[in-house]
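Asker: Next come the chains, spelled out residue by residue.
Number of protein chains: 2
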Amino acid sequence: MGTQGPNHPQEGAASGSSGAEVEDNSLLIKAVQEEDIPKIQRLLERGADVNVSDEWGWTPLLNAVQRGRGDIVELLLRQGADPRQKKRNGATPFIVAGITGDVELLKRFLPEDVNECDCNGFTAFMEAAGQGHVEALRFLHASGAEVNLSRKTQEGQKRLKKGGATALMDAAEQGHVDVVRILLEEMGADAKARDNMGRNALIHGLQSSSDGNVEDLTRLLLDHGAEVNVRGEKGKTPLILAVEKKHLGLVQMLLEQKDIEINDTDREGRTALLVAVESRQKDIVQLLCRKEASLDCGDLIMIAKRNYDQPLLRILRLCGAKEYFHPPSEDWEPQSSRWGPALKKLHRIYRPRIADVVKIFIDEEYKIADTSEGGVYLGFYGEQEVAVKLFSEDSRQAQREVACLQKCREHSGLVTFYGAESGKGCLYVCVALWEQTLEECLHGRRGEAVDDQEDTFARNVLSSIFRAVHELHVLHEYTHQDLQPQNILIDSKNGVCLADFDQSIKWAGDPEEMKKDLEALGRLVLYVVERGEIPFEKLMAQSSEEVVQLAPHEEVKDLICHLFCPGENVKGCLGDLLGHPFFWSWENRYRILRDVGNESDIKCRRVESELLQRLQPGPFEPSRSFEEWTDKKRCGEMHAGRPTGQTKPIDTDVLKDMNRYYKNNGKFYQKTVGDLLKFIRNMGEHINDKKNEWVAMANISTISWQLSAHGSNLYAQIKQTQVLGAKELA
Amino acid sequence: MGTQGPNHPQEGAASGSSGAEVEDNSLLIKAVQEEDIPKIQRLLERGADVNVSDEWGWTPLLNAVQRGRGDIVELLLRQGADPRQKKRNGATPFIVAGITGDVELLKRFLPEDVNECDCNGFTAFMEAAGQGHVEALRFLHASGAEVNLSRKTQEGQKRLKKGGATALMDAAEQGHVDVVRILLEEMGADAKARDNMGRNALIHGLQSSSDGNVEDLTRLLLDHGAEVNVRGEKGKTPLILAVEKKHLGLVQMLLEQKDIEINDTDREGRTALLVAVESRQKDIVQLLCRKEASLDCGDLIMIAKRNYDQPLLRILRLCGAKEYFHPPSEDWEPQSSRWGPALKKLHRIYRPRIADVVKIFIDEEYKIADTSEGGVYLGFYGEQEVAVKLFSEDSRQAQREVACLQKCREHSGLVTFYGAESGKGCLYVCVALWEQTLEECLHGRRGEAVDDQEDTFARNVLSSIFRAVHELHVLHEYTHQDLQPQNILIDSKNGVCLADFDQSIKWAGDPEEMKKDLEALGRLVLYVVERGEIPFEKLMAQSSEEVVQLAPHEEVKDLICHLFCPGENVKGCLGDLLGHPFFWSWENRYRILRDVGNESDIKCRRVESELLQRLQPGPFEPSRSFEEWTDKKRCGEMHAGRPTGQTKPIDTDVLKDMNRYYKNNGKFYQKTVGDLLKFIRNMGEHINDKKNEWVAMANISTISWQLSAHGSNLYAQIKQTQVLGAKELA
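Residue numbers (the working numbering), protein chains in the order written: chain B, 1 to 730; chain P, 731 to 1460.
A hint or two may mislead.
Said to hold, decoys possible - Partial pick of chain B residues on the chain P-facing surface, computed with a CB cut under 7 Å:
#1 K161
#2 L390
#3 S412
#4 C426
Keep in mind the hints are simulated off the structure, nothing from the lab.
Just so it is clear, the structure is predicted and the values come from calculations on it, not from any experiment.
Where a beta carbon is used, it is the ideal one built from N, C-alpha and C, also for glycine.
Please build the complete structure, drawing on both the sequences and the hints.
Answerer: In structure tokens form, the structure reads like this:
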């Protein structure tokens, strides 16, 4: 019972606890990997489990086989190692010996069924073929291994058309010409066999990356009857693969096959000739044309012209290739209306795609915006129209942008991220294309009268922005750091999202980073409410106090103040502020005022009640214009079509009519806040059938707006008294 | 003035209309491209514009230069062609002659400034070098072309670090060894020059795809002093690029440079040795080790072991490479709680990435679900945990799935799409990982009592599903075709999204396709309301009528009926149904009932009013249980904790107390719907301060639920009478 921790095992100490046993077991595996026989013996003597396995199922015995150490294998077997114990993928010591090509070990472990296989259907024979172990292959063949066995795989894999390959395909894929020759000439391997995807050994050989002796290999397979019109990945034929390899000899050899289909296309509709023209293989083009490949397989002339390849052009013209003067008119229609015409053009013209997916043309005609690096351009990601933001490949800003976009992909308030592709030292960040920025949108709306109607535009836009920033802060713990009207996108239905994350920071807890976003939001509130009349740059240059002073009324002022001084809970601040009266609909305000007016304290003018006390202005508070609601002379008029700090008075006729109900007891409406609320309540409860016209005449909506505009405070008081119980306010 | 249309020009006819002129102009360009001198002459005689240009700025003259037809060039110049007119990209006839390498034409157009360049900074000299035109290069050099001029590009491009390349780099990139030799040995080209990305000609040569004579090229450049420790794309050094080319000779040559930094890494931290081990280049590994490359650059032994590469293992061990037994413990934490442990393991283990981005292990341990093709597995897309759906590469289902996901990427009600990558004949579709399917979620909630509280769960889940399907139908014009509880995902906060689009169809107008989705939704409504108690497969096997009969109450029945019989406007149906009373909160129902009760017709029991007439049951309508609201005996009890078709009665004490107000005139509450509404109104308006307790006692919420549950009809009637004016109902 030693005192050693697990990291400092004293091998000499007697093992007793199970922790030490576990430690010894893993030490045993390590000792075998280090081929340290004395240590292996010591550990086994001390009671380590000879059949222990790691998470992949590797036992000491399997490790010894992998290292080709027959002596250690014998030692372990003597100590009771199980020769049938498998790796997690089902490989036995026998199969592992096939991988390493150790004939002695193959003999030692030769099972009853020489064709035993692992979970993916690999036999020792296939492994030896794939690894190019000629001696092992011959031994296994002599031991009765089935040469043309195809891999049986699990059901799920089979549904994916995986499996079915043979030893010949494995040898071809790895470019072992010697093994392929032995398999074909000595062992009777079938060159016509296909795997579950329909590929034969020829395709396996041509698809492989090792080019060394692909010509010999192809010749061998063709001589043994391999079918030449098969298809591999992406529907490519051997001929197309040979052209892609730019291998004239191989192309020639394939073309000599009597039943070759020279015009077969891959899944994208490309023929061997088209591929040859695209990759400027003059000799191969000439050969294919001589063999009468169809010239009607794409705009060959145009492709050669784009490359200014005069020699190729001459060959193509001599063969009779024609230029397409009238590309087929296309019926593709863009989704974006603003960018539609430019997108249609970009869709029509040829551009080589970056990373095979991004189509873009760096040209003023397609520019969306300038940036500090390379600008934002219209583009296509596959067939989807997108905005492409350019960066240089090693840009720090690009890293920030992509990290944030990737992390917040599921966030609906952020611009949708399509992908970031790199090419030629640049990074192309593709995001959804939006109609305009908030700045452009407000520019278009400038001068639009904001009358005494609800400003639902500002409310909707700002609540979307608040929600998006809130999610960014809370769900993803990122801060934007560059919130401004050019970085907020807006569509034709006033849908809003955030963009441009090249300054964004993963939040590590510093409240200042979040405060920076909140301060920018404070300025955005004013910017949106004022319809962009004050340039955002100007607002950013002003102090918090100056910005607050510019607020058109109390409610906006209160909202901005909360953003500038978010208190302790910086992270939750926006969530709370989404309940601010600024975001209430007028309908809701009216409802709440009516409910308050329905409180019996107010209906009965119970002066001593806490509620009415709270509604009185404090001795040091400035007077509030709506308190003069009964007094025509004292109430201000609307200013330039929008509510000012002053309230429009109640229509005299309406007030007179309402006072009529009290003619018996003389309790007419007084110019107090309480009576104003009572008045609103009575208008609603008793005059409901005439409500719509009366409310308009009585300016109820302006007044209720004024009440709430004036007082987030007033609402807070009403909330505090809890008279509204469990009712949700917002 | 011929009568010919634009498509049938009669060349002989005199041209007059501007349409015919335009036609002649484009015919002129075509005639030059076809090198048809008589036709060119005819068109010019007829008044075609000799300086016309196509959308890329190609004039007849530029076309003639590109084709190297000096005779046509002379003809056009005689007819007034402008020799200074440029292509849109700024290329002059002189620069185009540089591309084609035509010395005669270069002489003909030789400008004052032989270094004139196009918009991207290309000069004729650079073009001739890049295209490998030795004679043109010599002529231009003799004419004073600046050999080491670097490309000046536009501001935006420069910010991306584009531009700055020289003629030498162009020649190296294209593999023109002869040109590179002439530039270096005869013209004094600077082998040390760098472009704006910091790459020299050596990098340009090694990055290029043409491998033919890269050894000669490299030797030439090194001999002329090219710096060897530079970096190209992705921070790769010449040494790393040479290893990637598997070119032993090249590696050797670079290692002989006295100041070579053998251990420099690329931007991903990989050294030349690591790259060599990964690509199993035994000879290069041996060479690098002999030159004492650091072995501390990754788990080299493990990489070789994974490949069962015994020879490489032996070399590495001989050189002293060590195995890492304790991989650094990682602090990565998964986002998913359900899949967390499996994700942690998958994150830790090594898996080769598909298309460099998708990490996946096809193993039961990581399986999320079975599919008809290959199943859904846990995986990583980059560093983001995702669900990976497997398909075979040519699968029709995969095409449907990906088409829909790509098209609807910006749709927040669909599972977020990360990307579809192909490899080894399979397609890996990566989408956001969700905690569970709707089926699993309900399975977990089965038996949970749904008492007389609002069933907000069903309301929220179903409204999310309705909204998502509605957007799919209306915004994207796709139909899902396979809506079922396994294909709807739900997170721990009851957020919902649609998944599995492998049956989806782009909608072409056939209402039956949408109806199929609506019918499935009808069954889903019942499935969710019943908490999955009835298996969905069973519901799918039943007729519409049978499903409707299973609805627990009138409201659900009405909703389902609307889904089964959507009427004419199939596409807008879901948008309308989102306003169905099923989706109203109880608070809202109560509000509306109170507003109706506040109508003077009801308050004053104006029996002849249209409203009250409508509220009476028709002669053939079944009686409605809430009509017995005053009668304790007639009202049913709750059944098994949830509301039945029966209403709980109003508390007798409450009713008595409320009737107290009418003791003077004896107008007590009657058992009519109108009086029930009046009662609800009076409870709200007059007993507001005790509302919370009283409302509970009076069962107002159950009753208002009953009222609305019973009658989407009743609500429809109330709506029709328009008593609520412009007020929004929902």
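Asker: Against chain P, run the beta carbon of K161 of chain B and see if the smallest gap drops under 7 Å.
Answerer: Result: holds, 5 Å to nearest chain P Cβ.
Asker: Verify the interface restraint on L390 of chain B: the C-beta must sit less than 7 Å from at least one C-beta of chain P.
Answerer: holds, 6 Å
Asker: Holds or violated: C426 of chain B as interface residue toward chain P, Cβ cutoff 7 Å?
Answerer: Holds: closest Cβ of chain P sits about 5 Å from C426 of chain B, inside 7 Å.
Asker: Hint validation: S412 of chain B versus chain P, beta carbon distance must be below 7 Å. Holds or violated?
Answerer: holds, 4 Å
The structure shown violates none of the earlier numbered hints.
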